[in-house]
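> One-letter residues, chain by chain:
Number of protein chains: 2
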Amino acid sequence: MSDRIVVIGAVAAGPKAACRVKRLLPDAEVTLLDQDDLISYGGCGIPYFVSGDVADEKELRSTSFHMVRDERFFEEAKGVKVKTLTRAVSIDRKEKIVNVENVKSGQKAQIPYDKLVIATGSRPNVIPVPGHDLGGIFTISSLHKAIAIKDLLAQGKVEKAVVIGGGAIGIEMAEALADLWGIDTKIVEFMPQVLPRIVDKTIASMVEQHLRENNVEVFTSEAAQRFEANEDGWVKKVVTNKRELECDLVIMAAGVRPRGELARDCGLEVSPFGAIVVNQRMQTSDPDIYAAGDCVETFNLVTGKKAYAPLGSVANRQGRVVADNLAGIPSRFDGVVGSFIMKVFDICVGATGISTDVARAEGFDAVSAMAVQSDRAHFFPTQALMFNNLVVNRTDRRVLGLQGVAKMGDGLLARLNAAAGMIAHRSVIEDFSNLELAYAPPFSTAVDVLNAAANVADNLVSGRLKVISTEEFVDWMDGKTDHPDWMALDLRHPKEAEPWVKAFPEKWLAIVYDKVRANLDRLPKDKTFIIICNAGTRSYEIQLYLRSVGIDKTFVLPGGLNVIRRLGVSWWQQ
Amino acid sequence: MSDRIVVIGAVAAGPKAACRVKRLLPDAEVTLLDQDDLISYGGCGIPYFVSGDVADEKELRSTSFHMVRDERFFEEAKGVKVKTLTRAVSIDRKEKIVNVENVKSGQKAQIPYDKLVIATGSRPNVIPVPGHDLGGIFTISSLHKAIAIKDLLAQGKVEKAVVIGGGAIGIEMAEALADLWGIDTKIVEFMPQVLPRIVDKTIASMVEQHLRENNVEVFTSEAAQRFEANEDGWVKKVVTNKRELECDLVIMAAGVRPRGELARDCGLEVSPFGAIVVNQRMQTSDPDIYAAGDCVETFNLVTGKKAYAPLGSVANRQGRVVADNLAGIPSRFDGVVGSFIMKVFDICVGATGISTDVARAEGFDAVSAMAVQSDRAHFFPTQALMFNNLVVNRTDRRVLGLQGVAKMGDGLLARLNAAAGMIAHRSVIEDFSNLELAYAPPFSTAVDVLNAAANVADNLVSGRLKVISTEEFVDWMDGKTDHPDWMALDLRHPKEAEPWVKAFPEKWLAIVYDKVRANLDRLPKDKTFIIICNAGTRSYEIQLYLRSVGIDKTFVLPGGLNVIRRLGVSWWQQ
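Which chain is which? The protein sequence lines are A and B, in order. Take the position in the first sequence, starting the count at 1, then add 1; the result is the number in my numbering. Take the position in the second sequence, starting the count at 1, then add 1; the result is the number in my numbering.
Please note: incorrect hints may appear among the correct ones.
Note that the list lumps identical chains together, so a pair holds whenever it fits in one copy or between two copies.
Claimed, not checked - Pairs of lysine-lysine, DSS-like flavour, derived with a Cα cap of 25 Å:
id, residue 1, residue 2
1, Lys238, Lys97
2, Lys59, Lys516
3, Lys516, Lys82
4, Lys496, Lys59
5, Lys82, Lys59
6, Lys481, Lys528
7, Lys516, Lys84
Simulated from the structure, these hints should not be mistaken for laboratory data. Remember, predicted model here, so these are calculated numbers, not experimental data.
Build the full structure now, drawing on both the sequences and the hints.
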């Protein structure tokens, strides 16, 4: 008798597992269930469908060779039977039966299995405040919702939108609304920064400023407290703890939760968060039942702790591992480092591993090393600045994470991808200093920005480089903190430094980089110097030199004014 | 007494070592010597200076903050003393003295050292055939040569150029001459392909075809046998074993050799190839003498054998390691994987690790796995095909190398950089299958092309996927081999397949991918099927299916017709 393999959920992990196991076990009878009628789509493409970059929703559920992945396709091309509009109601593990019902007709049926795969995905969080279920408030939970949003936009029914949540999906949706459709769009984020727990404050601030420059207002540390309706029951206002925002569309992008109920209700182990617990073979607590994708718990390879990683790419890799194990190939999925990248108008931002904040919260003695450098040879015409922030553990020099911001393109991806595998392999600073990134002037620099970040980390951890944080510097400049003994020592070209000396005569001293050795006597004896240049490298060199002549009260501004310039601080233009 | 540190050679490794050791040991007296007067330049930028992308040679020897790195700069900004036009003639290790002479005045001097760094770089190979020293024949050995070439071009004195050598520098120079200056340019390569020993034949053939499409003719398996002069002693013709090529400029880009004589002559250990032997601390056989850059031998981290890796990025990393060790920090440089990338008109090509050919020559049971896939989501407007070829060892599943071709941009870099660190860490296929590359539709696909290449490798090594090589297929189509039992089984859309069925009625059978299961009876029983689609994925699926119904004589064409289309074969357009 051939194996009967039933897969519940047909978006990412499910189809991947179903099709591969059918290839590996051609005699198996593989059945794929989904409660929706639109299946096997690229959910991460929804913002690009809404924006109009992708014209037709069918493109999101087509193969690269332009076949739509519908029931017929799976049946004829893959030999996999698909039942859409079919909700799995319960699992009878003893009888090995999935009880299903048709979501339209209500008709019930029983589907027997030898092996079962649960790939039920996630559901979006809904903020439980008054009015959360009004018309015009959408989560991004399915292709149907995306189609409904785009219809509203195409009908010209949206002038003002509020996005609840400054995570990746919230920002992507904000761009989709503001960029092509020209909608007045605002983001409300509960935490003090966008992309919380993903990137550190400085990187987040650069993203926030870029959003503002593109007419997307960002309100952080602010929570929606209620939604108000017009006479048609349609949302007209978001009321936060600080203000009221008029709108005719709300995108609720406040994260997702695993759909683990089906597993829990049949007695499988689920985490307190509701995610299905699996081993490294993607096997649940019932050896005949596997699970994969947004509904499962996984491991974080950096913290060593359990983690939840609802990402399309992870779902696909897990789906493949499920198929292997169903077919007797002992594949493993060991966990995630949390690689992430996104487009934000003209820039991109991304991360892999963990942020400094998360690292400290997890008990690491974490420091972050900022390198700001040309993405390619500085003499190459298309060069642009790239910001790489490497997070390392001081005690064992392990690299914990990398975050970055760059001009839109694949340059940042090239550094994140390089770091992802290294971080998973528990690499240390030295591994990154010597990491042999490919070099030619049109692509990179002889000492790549990622090597440079590792070198900064080495200098930091060894105690040679002493820095103040960007936030400390900004607070001082803002007058929020008082440090009468501090003085900026500006090493830039006199033309660059001059306006700053004029604007801040008491705070600012300019001595150009290559003249410091000859002008030591110009340095007041009683000051602590905040050494400043454009990127931080010249400042580090001068810090070492000053220390060698006995001037030890110095701090480098990491990343220099290239970072400050991107924060949107009021005093940037003196 | 402070340390006297002398560094011989001031292009890449030398200045890096000198400046960092001065930072780490501010009291040391650091002296940098060079026989040239132009120092500390980005030699890899020379083709872009010649092409005109970089207007002024000073940009190649400037910092990112636009200071020219000349003697004054090193002295004032870095505290490093520089002596240019100063040739190191010999090293007296007993007395710890470098004997030098001024290359202009001939004046001799002695420079004492406590620690010495040799960074004498490389010299270009000159093919020892008659006429190799004629006017108009240039190697790319210094900035002076580059300036001389550009002067000739600017004066309109060059109409036809021949580049000897189809390696990276040869191809970059060919592009520089042909693209902006519109010069009729030809490449002569001694080996049967361009980029020999760096990429495999199929990838090289794509590069050759792209060069041809951009009016650069490529003659492989062809050697210059003599150069002929006009009445002024200027080159007018390159005579090869196959033809005569008129020209008024020859670029000799036939590789480089280490400048190890100075080290050898003072009794330091040098390799048979002439490279200085160093340990992982970059120390020569004399513990007071270090060496770095193009003049040293290193290790190949894949083969475990000694290697020569004259790359600007490697030189910089080694220079840093030298400085650390001089300052008592026990840094190591363990070896190279050979990461490489280059622009070729509108495409880029690159590699890391070793090629299949090299791997087999080194005794590995190597197979290559080709993945051809969109570089970003196939529904994203800017997507383009990327070709990734993963080289793996069949016996232990270790990944030995990655090569690729893509549209010009940083997408290929993102995959090579990811692979470089993994290969250095001795990763296996599974590590690459699960490598957590950052994903969002504007940047990549949920199953990235690099993950896909690993999956292909897994299918290959496990014996599930059986392929013929691109070369075997091309030879069959060319009629060079006779396989009366072979038949192409074309799975593409009928519109794509139809012209091929018409053009090759005896060889070609078309059954669209999702109709194979329903049309098994159309397959002749006595044939071996070469299964064909555009990328190879559909072909693999159908191969497995056919095997499951007892049809076992099948081969997949790896990468499908997307590869063939880029080879410039005569029968592409039927």
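> So, for every hint listed, does it hold in this structure?
So, going through the hints one by one against the coordinates:
no., hint, in the structure
1, Lys238 to Lys97, "neither (50 Å within a copy, 81 Å between copies)"
2, Lys59 to Lys516, "between (63 Å within a copy, 21 Å between copies)"
3, Lys516 to Lys82, "between (75 Å within a copy, 16 Å between copies)"
4, Lys496 to Lys59, "between (56 Å within a copy, 21 Å between copies)"
5, Lys82 to Lys59, "within (20 Å within a copy, 67 Å between copies)"
6, Lys481 to Lys528, "within (19 Å within a copy, 82 Å between copies)"
7, Lys516 to Lys84, "between (75 Å within a copy, 20 Å between copies)"
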